[in-house]
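Student: Sequence:
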Amino acid sequence: MFKAEDRREGPMIALASGLAFVAVVLLVAMIENGRIAKEPAGDVPAIQHVDQSSAVEPRAPAKLEPPVLATVETKAEALHERGEGAQELVTSARPRAPLTQERLFTNLKLLLGIILALLFCGCLLVALLAETRKATRRIALTDALTGLANRRAFNDVLEEVSGKTVRNQEVAVLLFDLDHFKAVNDALGHAVGDELLQVFARRISLSIGSSGYFARLGGDEFGAIIVGRQADATARGVIDRLQDLGQTPCEIGSRTFSISTSIGCALRHGPHDSASDLLRQADIALYHAKKTRRGSASFYTPSFETDLLRRERLIRDLKTAEERGEFHLAFQPIVSLDDRTINGFEALLRWQHQDFGPVSPAEFIPLAEESGVISPIGEWVARKASQVAADWPETIRLSINLSPRQFDEPGLAATLLAILAENRFAPDRLTVEITETALIENDGAALSVIERLRAEGVRVALDDFGTGFASLSYLTRFPFDVVKIDQSFVRHSERHRQADHVIASICDLAEKLGLDTVAEGIETQEHLGRVRRAGCRRAQGYLFGRPESAADCATRIALQTLDAASLPPASRVFAHNTMSRA
0 MFKAEDRREG PMIALASGLA FVAVVLLVAM IENGRIAKEP AGDVPAIQHV
50 DQSSAVEPRA PAKLEPPVLA TVETKAEALH ERGEGAQELV TSARPRAPLT
100 QERLFTNLKL LLGIILALLF CGCLLVALLA ETRKATRRIA LTDALTGLAN
150 RRAFNDVLEE VSGKTVRNQE VAVLLFDLDH FKAVNDALGH AVGDELLQVF
200 ARRISLSIGS SGYFARLGGD EFGAIIVGRQ ADATARGVID RLQDLGQTPC
250 EIGSRTFSIS TSIGCALRHG PHDSASDLLR QADIALYHAK KTRRGSASFY
300 TPSFETDLLR RERLIRDLKT AEERGEFHLA FQPIVSLDDR TINGFEALLR
350 WQHQDFGPVS PAEFIPLAEE SGVISPIGEW VARKASQVAA DWPETIRLSI
400 NLSPRQFDEP GLAATLLAIL AENRFAPDRL TVEITETALI ENDGAALSVI
450 ERLRAEGVRV ALDDFGTGFA SLSYLTRFPF DVVKIDQSFV RHSERHRQAD
500 HVIASICDLA EKLGLDTVAE GIETQEHLGR VRRAGCRRAQ GYLFGRPESA
550 ADCATRIALQ TLDAASLPPA SRVFAHNTMS RA
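According to numbering that gives the first Met the number 0, numbering within the sequence shown proceeds without interruption in unit steps and concludes at 581.
Keep in mind that a hint or two might mislead.
For lysine to aspartate or glutamate, the following EDC-like pairs were computed, each having C-alpha atoms within a straight-line distance of at most 16 Å [as the list claims (entries may be wrong)]:
(1) K511 / D480
(2) K163 / D282
(3) K290 / D176
Label-pair ranges, simulated between beta-carbon atoms [unchecked claim]:
(4) R292 / S204: 52 to 60 Å
(5) T131 / E362: 49 to 57 Å
(6) L512 / R136: 52 to 60 Å
(7) D407 / E220: 16 to 24 Å
(8) S504 / T247: 49 to 57 Å
(9) T247 / G188: 30 to 38 Å
(10) G188 / D507: 26 to 34 Å
None of these hints come from the bench; they were simulated from the model.
Where a beta carbon is used, it is the ideal one built from N, C-alpha and C, also for glycine.
Could you put together the complete structure from these sequences and hints?
Tutor: Written as C-alpha cells, this is what we have:
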C-alpha cells in the first residue's frame, strides 16, 4: 500500500524492458532470415605455381579484365628478366564487385542489427540501474530491525496522502509505543529488547498489516496511516487489535512478557490539516493516553491543546516555583503494627500553583524529571524535611524519596549527607526510598550511592516492591534495609485471594533476608487485618493518617508522647487526622 517509490521507478523499468525486448526480437528475426550473413561467395583470387617442366597443362586462369591482365603480365616479365623463371606466378583475380542495391540493403541491415544490439545493451543497463536504485531506496525506507517502513518512508507517505483532496476520504494517523519498554531494555539488555520489538512488528504484519501503512518510527514508537471513506472505523478496529495483542503473552527465551501499548490517534476529515498537523495531533493524543492510563487510547480533540498548553506552562513554572514559595511539604505517618505507634513520617512534595491551584505529584514530578529540574527540587525537599524532622523525638524517623534522575548527578550521597549535617539531623534517623526504575536506569550509580549512605547509617528502602520486572533480583544485588509493598497488592486483596499469598510471601522472604516491611495504601480495617496476618511489620495509608502539614505532625507526635503507654486505636488516629484537616 502507498508504494510511491514503485510508481516512480515502474515506468522507467517498463520502458527499458520493452525496448530491450523489441531489440532482441528484431535481431533474432534478422539472423533467422539470413540477412545479416557473409558476403556472397564468388571467384576468390588464387595464386598458382606453375612448374615449367611439368607435362601437366596448368589450369586456365579466370578471365581477367584488361587492366588487371596488364598488371599481371608486367610482373611476370620482371620475374623472367631476373632469372626467376623456375616457377612462374600466375594470378587469377576477381575485381571488386560493383555496389549493387542488394548489397547496399544488406549492409544497412547489418548496421541496423549492430544499432539494435547496442540499444539492447543500453536498455538492459538502464533497467539494471533502475532496479538497483529501487533496491537502494527500499533499503533506505525500511527499518532494518523489524522490516517495517521507517520514519522517512512514513513521513513521505503521510505527505502524499495528506496533500490529496479526495471527496469523502478520511485520513487517520496513529502513534503508539510499548509501555515500560525502556525498563525491559535496560534491565534485560538490548538483545531482549530488540527481539521484543521484532515479535511485536511480526504480530502487526500478520494480524493488522493489511489495514493500513505501518512503520517503526524509532525506539519503541510505531505509527500507522489509514486512508479511506471509513478510516475512522478502521482506526478504531486497529486500536482494538493492538490492545488485544497486549493481552497475548510473548515468550522470549525463558521469560514471558505482555506487550501493552498506549495509542494516540488523529483524524482528518477535510483538506485543512497538513501532515505535520496530523502528526502533532496524534502525538498530543498519545501524551493524553499515557497521562490517563498506560495501555489506553485517545482520539485527538481540540481540548487536548489546552492540556498541552498547561503542560508547557507547568514545565516553565517549575523552574521558579520554589522561589515563588509555591512548594510545601506534607508528612504521612508510618505506624508499627506491633504496638500501633507512629515511628516515622514520609515527606511528600506538594505544589500550589499560582493559577492552576494544587498540582498532583503524579503530573509534575515526571515533568520535573523531563525538564532537568528534579535534582534541585530534590535537594530542597531533603533540606526542608530534615529541618522539620530535627525537632521530632529521636525515635521518629524521616523518609524521603529519591528520583531516578537524581542518580545522574555526581556527588548525590555527599550532597545529602551535607544537608543532614547542616540541619544537625542524625543520618541514622533518615530513610531514603528508591524505586526499581532508579536501579534499572543507573544501577552502578545507585549502588554507589546506597553503599555510601548506608556507611553513614542511612537506611535504604525499595519502594513500590512487586510492580517491576526484576524486583526479587534487586533484593540480593543491593543492600536494602526496608521493602515497601506496593499498594496495588493491598487493594487487589479484597477481590483476589492470590494477592494475600503474594503479600505473605514477600513478608516471609523479607524476614529471612533480615529486611523490614511496610505495607502501603492501608485504607480500611480489612486491609489492616490482611497485612497483619501476612506478617507485615509496619504500614501507612489513609487509615492511619493522610499527608498533613508539619504543624499537624507536631500535634500528632505530642499526643502520642503524652499517652506513650497506649496509642489510640487506628480509628481514633484517623478521626484526629480528619478533625485536624477540618
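Student: Now look at each hint and say whether the structure bears it out.
Tutor: Do the hints match the structure? See the list:
Restraint check: the Cα-Cα separation between K511 and D480 comes to about 12 Å, which is no more than 16 Å; the hinted pair holds. A C-alpha spacing of about 22 Å is found between K163 and D282, which places the hinted pair above 16 Å, so the restraint is violated. Between K290 and D176 the alpha-carbon distance is near 14 Å, which keeps this suggested pair within the 16 Å criterion. For R292 and S204, the hinted distance range of 52 to 60 Å is not satisfied, since their beta carbons lie about 27 Å from each other.
As the Cβ distance of T131 to E362 is approximately 53 Å, the hint placing it in 49 to 57 Å holds. Between L512 and R136, the C-beta spacing of about 58 Å keeps the proposed range 52 to 60 Å intact. Taking 16 to 24 Å as the suggested C-beta distance range, the pair D407 and E220 conforms, at roughly 23 Å. Checked against the hint of 49 to 57 Å, the pair S504 and T247 fails, with Cβ atoms roughly 27 Å apart.
Distance hint check for T247 and G188: the Cβ-Cβ separation is about 23 Å, which falls outside the suggested range of 30 to 38 Å. Between G188 and D507 the CB atoms are about 31 Å apart, so this pair conforms to the stated range of 26 to 34 Å.
Violated hints, in rising order: 2, 4, 8 and 9; the structure is consistent with all others.
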